[in-house]
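*Asks:* Below, each chain spelled out in residue letters.
Protein chains: 2
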Amino acid sequence: MKQQTITESGTTIKKSKNVFYNSLMELNRSISIALLKAVNKKNMIVCLPMAATGIRAIRMLKELPKSAIKEIHINDIDKIAVKNIKENLKLNKLTARDKRIKLTNKDGRLLMLEQGGYDYIDIDPFGSPNTMLDIAILKLARGGIFAVTATDTGALAGTHVRAGLRKYWAKGMKNELMHELGLRMLIRRVQLTGADHEKALFPIYAFATQHYYRVFFICKKGRKLADEVVKEHAYLLYCKKCLSRQFNKINHAVCCKNIPMQWAGPLWTGQLWDRQLAEKIYKSLQNDLTYKIKLESEIKDSLLFYDLHKISKYYRFPPPKTEDALGRLKQKKVKAALTHFSDKGIRTNIKIKQFVNIIKKPSKK
Amino acid sequence: MKQQTITESGTTIKKSKNVFYNSLMELNRSISIALLKAVNKKNMIVCLPMAATGIRAIRMLKELPKSAIKEIHINDIDKIAVKNIKENLKLNKLTARDKRIKLTNKDGRLLMLEQGGYDYIDIDPFGSPNTMLDIAILKLARGGIFAVTATDTGALAGTHVRAGLRKYWAKGMKNELMHELGLRMLIRRVQLTGADHEKALFPIYAFATQHYYRVFFICKKGRKLADEVVKEHAYLLYCKKCLSRQFNKINHAVCCKNIPMQWAGPLWTGQLWDRQLAEKIYKSLQNDLTYKIKLESEIKDSLLFYDLHKISKYYRFPPPKTEDALGRLKQKKVKAALTHFSDKGIRTNIKIKQFVNIIKKPSKK
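These protein sequence lines are chains A and B, in that order.
Note that the numbering used here gives residue 231 to position 231 of the first sequence, counting from 1, and the numbers run on in steps of one.
Note that the numbering used here gives residue 340 to position 340 of the second sequence, counting from 1, and the numbers run on in steps of one.
Because the hints were derived from the structure by calculation, they are not lab data.
Some clues are possibly wrong.
The list makes no distinction among identical chains, and a pair is therefore deemed to hold if it is satisfied within one copy or across any two copies.
[Said to hold, decoys possible] Think about it this way: if two alpha-carbon atoms lie no more than 27 Å apart in a straight line, the pair counts; the simulated DSSO-like pairs of lysine-lysine are:
no., residue 1, residue 2
1, 321, 70
2, 224, 174
3, 174, 231
4, 17, 333
5, 249, 231
6, 93, 360
Bear in mind that the values here come from a model prediction, so they are computed numbers and not experimental data.
One chain only, chain A, in its complex shape:
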């Protein structure tokens, strides 16, 4: 069988025909490893139910300290993928004698159901993670980390509204905020299933990039904590005239001249990042994404971000440079930062009118 040789972050694997490998996901995997290094958990029982070529498993085994992983369950429902994983383990000198490794070929849900519990589960599908969520969350241990990828961003970002309602039980909104809204809809979807199991899933790191969304949750147990999570679910209301926005349990409000605001969601309105974790991840993996997230993780209770291009167009003033706008905000002691969601975006917690007043260039006298 013809195979392709791939090298990613220093690890070389072979990719069999029809086994899924996405080079754009290298960043996803690198961030996952940086995150696990940062949280520094020991003796984890790890589950990768959709392992494909095994690249993620192999990188985890090679790049994480040996004490991190007690057991790693590598699984794929596809026979050819499992054969491919076996080859790749061997190629990387990770043999069957390594008692930490358990390689299986079955429905990932079956694998998880048969297990007592996991400290780290990574749901990394092509498409939606949904059909794995219920069992994965059931088997997520107290304090465990749950990593979820979604590549069906069209359903979440408002391009395919009906698909969003069907799969994520929330309505997307196609505008400059679409990816942050979509990511927050994905988070709520996962959290609802968590709440059902009396598990509170708090995001500790999340991002939208290169046509996929990725979220890491920490799992806490208990009804009250689950209720705390659900309390933070609300709609995002958006005025298409003045670009103001608010979170609201009611999907109705009026703005400029009594125009009804548009709505998206319901979605998670809480923090997307643990600030300290974002800093640690940036320290161990420096790139544009981790840098911006480190910055924006410092803004509490943001009203998402403002897009400088759109705002200057709507409010009819020349768009300032991002650094200039940030400088002016800083001068006024407003908390503001870059955002990874948009090159022209500024994350802040002030309202639109105040924002416009500050960043608008003073008219020449």
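The hints should help you fit chain B onto chain A, whose structure is shown.
*Replies:* Below, chain B alone, put in the same frame as chain A:
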């Protein structure tokens, strides 16, 4: 081990200590059998993942025509229950030689995951059915029937609002409509999981009685059909001043003197019953419940029901007898019927003011 002897609808079983048996559920089981007789499916592969004493399985095997069941998977996660089921099968001359019967002792989800597909699945827990839903729906065949019981009515009926939000992802409302609203919230919860699997679950028979809710769905496959289901999810808005109500995608509206209406849901706003099925069930099992459901199943697009006591109190007129009110409505050619949800309720599709005008006793001249 001390056992209790129980006879239900002509079937005698023994109940071991700590194995769950609820005599109030006799009606639930009798209706299930009447429904399966009415739909008259042949060669079904049946799953009872939470079988307890086995009473439901035994009654199905004894009371349904032999051609109905091709295989019946009787399971309980509890060892003692499975031993109890074995005894009860024997007691009812259903021996291990009956190749249709497969008795197992495992997590019901594991059992279902290992199976190709089922034509009838009955989720009959003590409490919430939620943690079984995802896998059960995954394994529900096209045209299959899905039966779901919930006994945690407090979470659905608005007594425990937070529990409702956590488990059913919707807000209950504690008033005269609470059980119909709760039942509709349960239906939506099941349908959301269905939509995720691209399965459209349409209720064909549903009721709330004796501290539990029960719904039977028929499973149709396809994205478009799943979208049709989701389209019928909305909030119920309720004016506590004039008692008017409406279904609305927006959880806000104002009524009498601009008072904001109360809201419940989201919930299923479509039909609860297949009219012809309700008639057939009544024919084979005649009681107060099946009678009222037969009647109310004829009312299309109802605005739930009006409670005569509450309405006469709010509108300050002497409460008419239910028959008198129905008579007056009939005279005016308004579609109206009794409802099983309330002894003093009338199901109709007209608005409150029209309803009040018709049923109010003409003042004596």
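*Asks:* Against which earlier hints does the structure fall short, listed by number upward?
*Replies:* 1, 4 and 6
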